[in-house]
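So the chains spell out like this:
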Amino acid sequence: MQKEAAIREPLILGNKTYHDVTEDVCRPIEGKAPKMWYILFAIALIIGLYGVGSILYLLGTGIGVWGLNKTIGWAWDITNFVWWVGIGHAGTLISAVLLLFRQKWRMAINRSAEAMTIFAVFMAGTFPLIHMGRLWVGYWVLPLPNHFGSLWVNFNSPLLWDVFAISTYLSVSLVFWYIGLIPDFATIRDRAKKPVAKRMYTILSFGWSGRAKHWNRFELVSLVLAGLATPLVFSVHSIVSFDFATSVIPGWHTTIFPPYFVAGAVFSGFAMVQTLLLVMRKAMNLEAYIHTKHVEYMNIVIMVTGSIVGTAYITELFISWYSGVEYEAYAFLNRATGPYWWAYWSMMTCNVISPQLMWIRKLRRSLLFTFFISIVVNIGMWFERYVIIVTSIHRDYIPAAWSMHYPSHIDIAVYVGTIGLFFVFFLLFARYFPVLALNEVKTILKGSGQSYKESPDYHNHH
Amino acid sequence: MSDKVIYAMYGDDDVLKSSAKKLVSNGVKISEVYSPFPIHGIDPIIGVKGTRLGIMAFLYGLTGLTLATIGMYYFMVVEWKMNIGGKPNFSYAENVLAFIPVSFEFTVLCAAHGMAITYLLLNRTLPGMPAQNPDPRTTDDKFVMEIRLSENHGVTEDKLDELLKDTGFVELDKKIIE
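Residue numbers (the working numbering), protein chains in the order written: chain A, 3 to 464; chain B, 9 to 186.
To be clear, the hints were calculated from the coordinates, so they are not data collected in a lab.
Where is the CB? At the ideal position from N, CA and C, for every residue including glycine.
Accuracy of the hints is not assured; some may be wrong.
No farther apart than 27 Å at their CA atoms in a straight line, the calculated lysine-lysine pairs in the DSS-like style are these [stated by the list, open to error]:
#  : chain 1 : residue 1 : chain 2 : residue 2
1  : A       : Lys195    : A       : Lys34
2  : B       : Lys57     : A       : Lys215
3  : A       : Lys284    : A       : Lys34
4  : B       : Lys12     : B       : Lys37
5  : A       : Lys215    : B       : Lys183
6  : A       : Lys455    : B       : Lys25
7  : A       : Lys455    : B       : Lys29
8  : B       : Lys182    : A       : Lys195
9  : A       : Lys215    : B       : Lys30
10 : A       : Lys295    : A       : Lys195
Pairwise CB distance ranges (calculated) [claimed, not checked]:
#  : chain 1 : residue 1 : chain 2 : residue 2 : range
11 : A       : Thr313    : B       : Tyr100    : 34 to 40 Å
12 : A       : Gly55     : B       : Tyr100    : 46 to 52 Å
13 : B       : Glu87     : A       : Glu6      : 17 to 23 Å
Footprint (simulated), chain A over chain B, 3 or more residues, beta carbon under 8 Å [unchecked claim]:
#  : region
14 : 24 to 36
15 : 159 to 170
Let the sequences and hints guide you as you build the complete structure.
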């Protein structure tokens, strides 16, 4: 049993036993869903279906239904893609990087953060696919022999690197998540009373036994997967940034992009985790497991990554002037003072100023304030991508080609639709899956549980 | 051949651990321990060796790296020297920088999936397999120690009962298995 300092706040509040942990996590799955769940699910489903309908219309008609023009050939599609991929970075970061650093607070949040990651990457993947216009030849991005009708794919292109990065990231995150889920599904399986539920969870739990040897392998597999996933997280958003950084467009051609994108991704990902978990802990009575301390830790991550992002914005601005390249300088001047000034300043306010408020202890421990800031950050991070993408290309080299981007209603519907679909997935997850890595939480109960820490023999045991 | 199995169930991981220590020091071989979560420190007591899955992961990763390298060399250098911006790929070395991202991703892809599949096969945990734990409570809050008489020739059943008596178990179950 691992001990920790007495002044460290306990991670599990109240007087919990191993059985209580099982009960608290399984009860929402076994009981009836609250009315609110059905209401939220219906809303998310309607929005999601509207998005699916819009995608079908888009595929049937062509991507001309988006508000793109000759100058602005990339706008909401790629903005949404990068936004979703960015959000999809927190889950694996929490479960992989924090596992390597042995951060025990991750155990209460890693399951749902990773679910969020997977669903967010699903949504992200939608955009490059539908952006092809002809979805049915989407398999052409894979390296297929020449007699399939085209040449081998171009391995020199960052867009192809992205195909490999995103698909590896998605499938590895999925495997990592599922390996952790197997023992928890076994817990639900062994408690299930209804035959259908029993059957379903038996299939899902793969016949998990809980033998000492299996747990031994389980721990090593988790550790190695974490070791593999850690550089993967950093590589994925670096490669996403290469889509821009390796081009020759002023405003995109920037060496600072990889670290700046990664920091931004973690920043927005944690914000989304906060948004979801603050609601979930309340709705599912998990306040004892996900409490102020967890929220505070995440707010510190938001503050640090937000500061990195802020520094990157200012560095970029300085370098554009210092480089002496007039096109580069103009691209940034135009961002701040041109027709898209409102997007630039929304981004600056949301992403640079708001995380700095987290220096104040009272604010970063306030759940309501955190919820508010998490939404502000997500709006800000959407604007960041919009600013990078649209403002860099809307004023082409020749003033005759200058243009503005106005989203069509299909642009908006597809974007909002993916948010709906994301919540459909997340709500289904919250209803049928163990939202807490309950068996992992049990391993820290004696070391970080409140009742254990406060008991008189905690510090003179053994 | 029929065999008698003793299942000693405990309500706490530390109690099971000290009980296992006591039994092992008296020459008892503990066949298996079932627990809802990994009990740290149980492996050396009951003689579970460390897994070599890490080595497997490395080998799978190496396979992935090799495949990616051969593949890209063939696609981009041998079969068709794709001319991009007037810069064809004449040799692998000239273009190796552009090949690093995909090499890395494919290495991770093969290492992670290869290891995960090996792990599932080794554990015999696959979709639809029946539950393998002796009692449904072992995935909740109970810890079970399994002792097979066939593996303990030096210790009689009565001796085992006596050794187990004061270890603080919550349930003791004996089963004859074929």
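Hints and how they fare:
Note on A:Lys195 and A:Lys34: the hinted pairing holds, with a Cα-Cα distance of about 14 Å set against a maximum of 27 Å. Among the hinted pairs, B:Lys57 with A:Lys215 is consistent with the structure: their alpha-carbon atoms are about 8 Å apart, no more than 27 Å. A distance of roughly 17 Å separates the Cα atoms of A:Lys284 and A:Lys34; the hinted pair therefore holds under the 27 Å criterion. Distance restraint check for B:Lys12 and B:Lys37: the Cα-Cα separation of roughly 14 Å lies within the 27 Å cut-off, and the hinted pair is therefore satisfied.
Between A:Lys215 and B:Lys183, the direct Cα distance comes to roughly 22 Å. Compliance with the 27 Å bound is thereby established for this hinted pair. Simply put, A:Lys455 and B:Lys25 have alpha-carbon atoms about 21 Å apart, close enough for the 27 Å limit, and the pair holds. Pair hint A:Lys455 plus B:Lys29 holds up; C-alpha atoms about 26 Å apart against a cutoff of 27 Å. Proposed proximity of B:Lys182 and A:Lys195 is supported: the alpha carbons are some 26 Å apart, at most 27 Å.
Pair hint A:Lys215 plus B:Lys30 holds up; C-alpha atoms about 20 Å apart against a cutoff of 27 Å. Using a Cα cut-off of 27 Å, the hinted pair A:Lys295 and A:Lys195 is violated, with the two alpha carbons roughly 36 Å apart. Between A:Thr313 and B:Tyr100 the beta carbon distance is about 38 Å. The supplied range of 34 to 40 Å therefore holds. For the pair A:Gly55 and B:Tyr100, the supplied restraint of 46 to 52 Å holds, since their beta-carbon distance comes to about 47 Å.
Separation of B:Glu87 from A:Glu6 is about 58 Å and departs from the stated range, judged on CB atoms against 17 to 23 Å. Check on the region 24 to 36 of chain B: 0 of its residues sit with their Cβ under 8 Å from a Cβ of chain A, so the three-residue criterion for coverage is violated. Coverage of a stretch by a chain is defined here by at least three residues with a beta carbon nearer than 8 Å to that chain's beta carbons; for the region 159 to 170 of chain B and chain A the count is 0, and the condition is violated.
Hint violations for this structure: numbers 10, 13, 14 and 15, all remaining hints satisfied.
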